[in-house]
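For reference, the chains in residue letters:
2 protein chains.
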Amino acid sequence: MKIIVQKFGGTSVANAAKIRRAAKRVIDTVKKGYGVVVVASARGKQTDELIADALELDPNPPKREMDQLLSTGEQQSVSLFAMALHAMGYDAISFTGGQIRMITDGVFTKARIKSIDAERIHRQLDLGRIVIVAGFQGIDEEENITTLGRGGSDTTAVALAAAMGANECEIYTDVDGIYTTDPRIFPDAVKMSQISYEEMLEMASLGAGVMHIRAVGFGMRYNVKIHVRNSGNENEGTLITAEDSKMEGVVVSGATVQKDMAKISLIGVDNVPGNAAKIFAHLSKAKVVVNDIIQTEISDEKANLSFMIGTSDLQTAKEAVDQIKDEVNCQQVFIRDDIAEVSVVGVGMRTHYGVAEKMFGALAEARVNIDSITTSEIRISVAVDEDEAEKALKAVCVAFELDKQAEARTKY
Amino acid sequence: MKIIVQKFGGTSVANAAKIRRAAKRVIDTVKKGYGVVVVASARGKQTDELIADALELDPNPPKREMDQLLSTGEQQSVSLFAMALHAMGYDAISFTGGQIRMITDGVFTKARIKSIDAERIHRQLDLGRIVIVAGFQGIDEEENITTLGRGGSDTTAVALAAAMGANECEIYTDVDGIYTTDPRIFPDAVKMSQISYEEMLEMASLGAGVMHIRAVGFGMRYNVKIHVRNSGNENEGTLITAEDSKMEGVVVSGATVQKDMAKISLIGVDNVPGNAAKIFAHLSKAKVVVNDIIQTEISDEKANLSFMIGTSDLQTAKEAVDQIKDEVNCQQVFIRDDIAEVSVVGVGMRTHYGVAEKMFGALAEARVNIDSITTSEIRISVAVDEDEAEKALKAVCVAFELDKQAEARTKY
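Chains as they are written, first to last, in the numbering used here: chain D, 79 to 490; chain F, 79 to 490.
Everything labelled a hint here was simulated from the structure, so no lab data went into it.
Pairs of lysine to aspartate or glutamate residues, derived as EDC-like cross-links and limited to a Cα-Cα distance of at most 16 Å, are as follows: (1) D/Lys303 to D/Asp322; (2) D/Lys96 to F/Asp136; (3) D/Lys141 to F/Asp169; (4) D/Lys192 to D/Glu219; (5) F/Lys109 to F/Asp169; (6) F/Lys102 to D/Asp136.
Computed from a prediction, not measured in an experiment: that's the story for all the values here.
Bound-form chain D, shown alone:
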């Protein structure tokens, strides 16, 4: 049996009318001969309401109890979804994460999936049933309920698709797919028809919403074809797939901007092996998420070391750096808290030259000053003044023709 996993987010199941609309889409897919496994999130704002209920009782609730509480949102959605299908004449059965043995580690509020009992779902599909699985949740080895953290339902869907050998994993959302950049900043952005896992990983880690990075990572690891679509229309969305030769012709697939960034620079750190490791181990222990790191020697004995963080982590990072700075003989600490990072992403960069040049040229023409530059194999990022971030993004989008479909762009 050909199998499709269809994931509906909270806005797509927010009320009875929307659940019915989603159910109709499932039935359409069943009529095409597919076995359908639905993954549903909690209805609308329900998770937020439950969090508010919890905080009213306990400003610092135990994480195990939060997971026990929040997982009820998805459980309600899936049973209601099954009822909607039943009322339309289709046999459906809902499962919690625990019921399909979605076994995770025991890290409450951000657990990682270890295994899934795909057999139980296969048996139900073989009986002609539509299977509805609660997203976002699992159980640990001791049957405690765990949740997968932000974007958890996407991860559930992709992991299920992998475990079941599904032909495709459709992620329904309230936009038409993945855009070349944020249309709120660059209104001419266009929807991509296809993007590689690696590009999507870069885009997601650079703050492009829609798909969560862990779900994309799962998709890449198990080669699950992910189709991001709009639950409100029939449009084709964006396919996230393995890289193919066609993609290489496209130099830059998308561009992103991350605001609210800060940069911490440690000036004149002793240039001896292990000092960088010492600093970042210390930051990691303080649970600071560090983005790009830049290290440059300034003499035989001394180096400068900079890294980017979200401004929400700034205070914690400052304290962590203060604790460690003497140990590495840091002469001075510079902090900038008004930084944004503009990035371009594209697998074509591997085989094309001149991308950096073109990007810096566009920024120069727009009179945007570049604070620092970092690159990966398929990404170039520049740190700029936060005030100039939108101007910078627009200049980059125009330079790389991100207002045109990939096929229509100037070939190199």
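Chain D is already provided as a structure; the job is to place chain F on it using the hints.
Only chain F this time, still in chain D's reference frame:
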């Protein structure tokens, strides 16, 4: 460790303030040196809201999915309850029915408990934790979530108390305990300090709310001391316990009235073995709950057979009787749908004479006509016109001095 099970109903956990109040009571009990297992119901009107959500999608929802849906209400309560205790500085852990292996049969919406993993709870109590268990729910052998039906949380509490060898099972509610009769009809009714399981079973099956009959049955079977108390004050409530010699001195413990009753009489049924069984098997298949049955021979060949039912079952019962009446050669069917049943209950009846006489005398004096009479070892019930039901109850209450505490009543 001495263990107490404390059950809080939906009104006792309806909002944050009430959860906190319940949590304080739990802490008071912990301070007295008890290991406390809390059983909580769904918050306030939540179950009703979830039922409305379900019916909006499916007028006839599959029972398995209803249980999957409704069980979330209790799951939310228990995690929130654990958070409240945590915020007050106490270590608490919540469990769903599934997590403590509350195994039931697979009869969705009215499952029966088969076994409980008391060990998991004992281990947590031994760690110094307060354990909060979701009432009303279990799982079947295939891990489907089941619910126990009306009064299910009481049943969970008493079953847990039995499984854990608890010293007492406290049922917190919004009244002070069990009253001699319904105070809305007989305002002078008094709270009983103690009642036997058997009396409580009779009272509960005669519609006296507060405790559900299955929970009382569990208590009797496993000899669990049940204490029905008001969550809003510190008053002693009513103890439901095994019968003791003291109780025998009390002839009538309580009185009840059941309105909305109907009586169906099958006149001139063939008086041969197996006919009654045939009729009641047929009614049972139609899911009609039959109360008192009266059979009287009217000749060697013929008998009359009457039974009482709730008026909500009347239509179904009529149809069932119509289907079977020719098979038993019934000559005529009489139906009265304006009946009420007034009953007195008391273990003392076993050893005292004259109770029926006194009851009929009181009714005669009040000029209430008696339609029919049924009795058990510890109960006398009379069917009367529904219009006269309240007058009848009052007359009986006065006759048996149910406005006085048991010790203060006239001794026989």
